[in-house]
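Numbering (this note's numbering), first residue to last: 1 to 132.
One should not assume that every hint holds.
Computed Cβ-Cβ distance ranges for the label pairs, DEER-style [said to hold, decoys possible]:
# : residue 1 : residue 2 : range
1 : Glu89     : Asn111    : 31 to 41 Å
2 : Arg92     : Gly112    : 27 to 37 Å
3 : Gly91     : Ala47     : 20 to 30 Å
Since the hints were derived computationally from the structure, they do not count as laboratory data. C-beta: ideal position from N, C-alpha, C; glycine also.
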Amino acid sequence: MREEELYERVYTVVRLIPSGRVATYGQVAAVVGPPCDAREVGGAMAALRYQRVDPPVPWQRVINAQGRVSTQGLEQQHLLEEEGVVFDEKGRTDLGRFGWEGPDEGWAEANGFHALPESLRFKSGAEQLSLF
DNA sequence: GTGATGACGATAT
DNA sequence: TATATCGCCATCA
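All chains should be built: construct the whole structure from the sequences, respecting the hints.
Dropping the structure here:
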């Protein structure tokens, strides 16, 4: 019952990602906390193909650190585009603009999760420029 | 118990 | 920018 809880924690975190935003496997793993790394998140997402859970998990919002979807078809990318996420012609998205900023820190603290480390918050050059 | 595997990440070249 | 390597850790055969 312990192992399932790890995946359940992963699903809980993924459900926090708002529509129109994307999070990397590493970000989700960081919020869940050890012993969980990016591969566990990938495994948890893959498990959704074999069994559905409810409430539903917005698995399409989890992508790799390179800003690309890790699934084969264009299904995932298409779903995200419908949510407003923009991909370039090479299938990459700007994590600085669409990347998740992490869960509410108070919520995370109260529920046994971690806040997203500054090192995992992607900031685009465009954002820095627009700040000026 | 042991080894192979995976919707990954960071670093080096 | 793209490819190659190694590290990572729960699962599964």
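- Confirm or reject the claim that Glu89 and Asn111 have a C-beta distance inside 31 to 41 Å. At roughly 40 Å between Cβ atoms, Asn111 and Glu89 fall inside 31 to 41 Å, so the hint holds.
- Message: Taking 27 to 37 Å as the stated bounds, is the beta-carbon spacing between Arg92 and Gly112 within them?
- Response: holds (34 Å)
- Using the Cβ atoms, figure out if Gly91 sits within 20 to 30 Å of Ala47. At roughly 25 Å between Cβ atoms, Ala47 and Gly91 fall inside 20 to 30 Å, so the hint holds.
When each numbered hint is compared with the structure, no violation occurs for any of them.
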